[in-house]
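Residue numbers (numbering that gives the first Met the number 0), protein chains in the order written: chain A, 0 to 147; chain B, 0 to 179.
Calculated directly from the structure, the hints in this document are not laboratory data.
Yeah, the Cβ is synthetic: ideal placement off N, Cα and C, and Gly gets one too.
Fair warning: there could be bad hints in the mix.
As the list claims (entries may be wrong) - Only pairs whose alpha carbons sit at most 30 Å apart, straight line, appear in this in silico DSSO-like list of lysine-lysine:
{"hint": "1", "chain 1": "A", "residue 1": "K102", "chain 2": "B", "residue 2": "K113"}
{"hint": "2", "chain 1": "B", "residue 1": "K170", "chain 2": "B", "residue 2": "K113"}
{"hint": "3", "chain 1": "B", "residue 1": "K170", "chain 2": "A", "residue 2": "K102"}
{"hint": "4", "chain 1": "B", "residue 1": "K113", "chain 2": "A", "residue 2": "K81"}
{"hint": "5", "chain 1": "A", "residue 1": "K59", "chain 2": "A", "residue 2": "K81"}
{"hint": "6", "chain 1": "A", "residue 1": "K55", "chain 2": "B", "residue 2": "K169"}
{"hint": "7", "chain 1": "A", "residue 1": "K55", "chain 2": "A", "residue 2": "K81"}
{"hint": "8", "chain 1": "B", "residue 1": "K89", "chain 2": "A", "residue 2": "K55"}
{"hint": "9", "chain 1": "A", "residue 1": "K102", "chain 2": "B", "residue 2": "K89"}
{"hint": "10", "chain 1": "B", "residue 1": "K170", "chain 2": "A", "residue 2": "K55"}
{"hint": "11", "chain 1": "A", "residue 1": "K102", "chain 2": "B", "residue 2": "K169"}
{"hint": "12", "chain 1": "B", "residue 1": "K170", "chain 2": "B", "residue 2": "K89"}
{"hint": "13", "chain 1": "B", "residue 1": "K170", "chain 2": "A", "residue 2": "K59"}
Claimed, not checked - Only part of the chain B face toward chain A is listed, based on derived beta-carbon distances under 10 Å:
{"hint": "14", "residue": "L16"}
{"hint": "15", "residue": "V35"}
{"hint": "16", "residue": "P45"}
{"hint": "17", "residue": "V66"}
{"hint": "18", "residue": "R116"}
{"hint": "19", "residue": "E129"}
{"hint": "20", "residue": "Y134"}
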Amino acid sequence: MSKFKKKQANTKQGVPTSAMPDVVFMLLIFFMVTTVLREVELQVQIDYAAAENIEKIEQKRLVSYVYIGPERLGGGRLGETKVQIDDALVDDINAIRNIMYDKLMEQPRLIVSLRVDRDSEFGIVTDVQQELRHAGTLRINYSTRRQI
Amino acid sequence: MFKKRGRGDADIPMSSLADIAFLLLVFFLVVTTIDVDTGIGLVLPPIPDDTTPPPPVRERNLMNILVNAQGMVLINEMPAAIPTVRERVKTFIDNRGVDPELSESPDDAIVSIKTDRRTPYNVYIDMLDEVMGAYEELRHQASMDRFGVPYSSLEQGSERRAEIQEMYPKKISIAEPDEG
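Chain A extracted, bound-state conformation (with noise of 0.2 Å):
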């Protein structure tokens, strides 16, 4: 019995707490550099006009990207002018309507951030509006960088 005892008694317990700090410091900048932000995959290219008299949109949640230039094609060469959501092209331009639609479900507040590339024509830019009125979701935000 005796000879138990004091085998346990010798022995240190507990773990050595004091490069914890370090542990955790690896591990959070092992994960910042790891971390990719989740971003959509573009399938069309686009170059954003530039205006002066722009607002920023506060609230990032509420929005909804729709994108509208040249689909981009394989070695660098542009395509016609496609309407692309999330990560998908719309090839159907009646189709946005239902899609917008389920998105005003989810969040009532939505607006929709309009990229198009500044060289399409706006006969697309109106189709796309006329799907958003019908389906409800009025305001828009016609994407620009500032002018310098």
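For chain A, the structure is supplied; the task is to place chain B on it using the hints.
Positioned in the frame of chain A, the structure of chain B alone reads:
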């Protein structure tokens, strides 16, 4: 012989590590910019239903801006250049019934922008920007007269800002373009 040399002090001074980490943290905090979305905000009109006719608008309260595919501008059927649009819009909105050809009050004034289907988007944005600029200047002026501070310094959603917005409501209509 080798043994005698000894190992010296193997420690790296660690006390300043926290300072270095802190400095790095501050550096990155300052340098990082989270890109903010900027753009021209607009509220589209709802789809008109067939039962209610559109409200009547008097001719003088409507300013028709037409932009064609070549980027040429017509204001009320008269050719104009884009840089002159801002002044014309300002005089139109802020007429207050003086000139019988122009608007009755800023509240009644409607600016209608109509484009061609083939108008390049940046021409349209330039046009819209000029109109927005006209409103911005009028609001700035009103804010300076009334409160003595620039409009941009009035807080978002504040009472004063709402008051100025009410004085010059943005009534911009984007007409559906013609085919062609």
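Hint check results:
no. : hint            : result
1   : A:K102 / B:K113 : holds (29 Å)
2   : B:K170 / B:K113 : holds (14 Å)
3   : B:K170 / A:K102 : holds (27 Å)
4   : B:K113 / A:K81  : holds (23 Å)
5   : A:K59 / A:K81   : holds (24 Å)
6   : A:K55 / B:K169  : holds (17 Å)
7   : A:K55 / A:K81   : holds (26 Å)
8   : B:K89 / A:K55   : holds (24 Å)
9   : A:K102 / B:K89  : violated (38 Å)
10  : B:K170 / A:K55  : holds (20 Å)
11  : A:K102 / B:K169 : holds (27 Å)
12  : B:K170 / B:K89  : holds (13 Å)
13  : B:K170 / A:K59  : holds (25 Å)
14  : L16             : holds (9 Å)
15  : V35             : holds (5 Å)
16  : P45             : holds (6 Å)
17  : V66             : holds (9 Å)
18  : R116            : holds (3 Å)
19  : E129            : holds (9 Å)
20  : Y134            : holds (8 Å)
Checked against the numbered hints above, the structure breaks only hint 9 and satisfies the rest.
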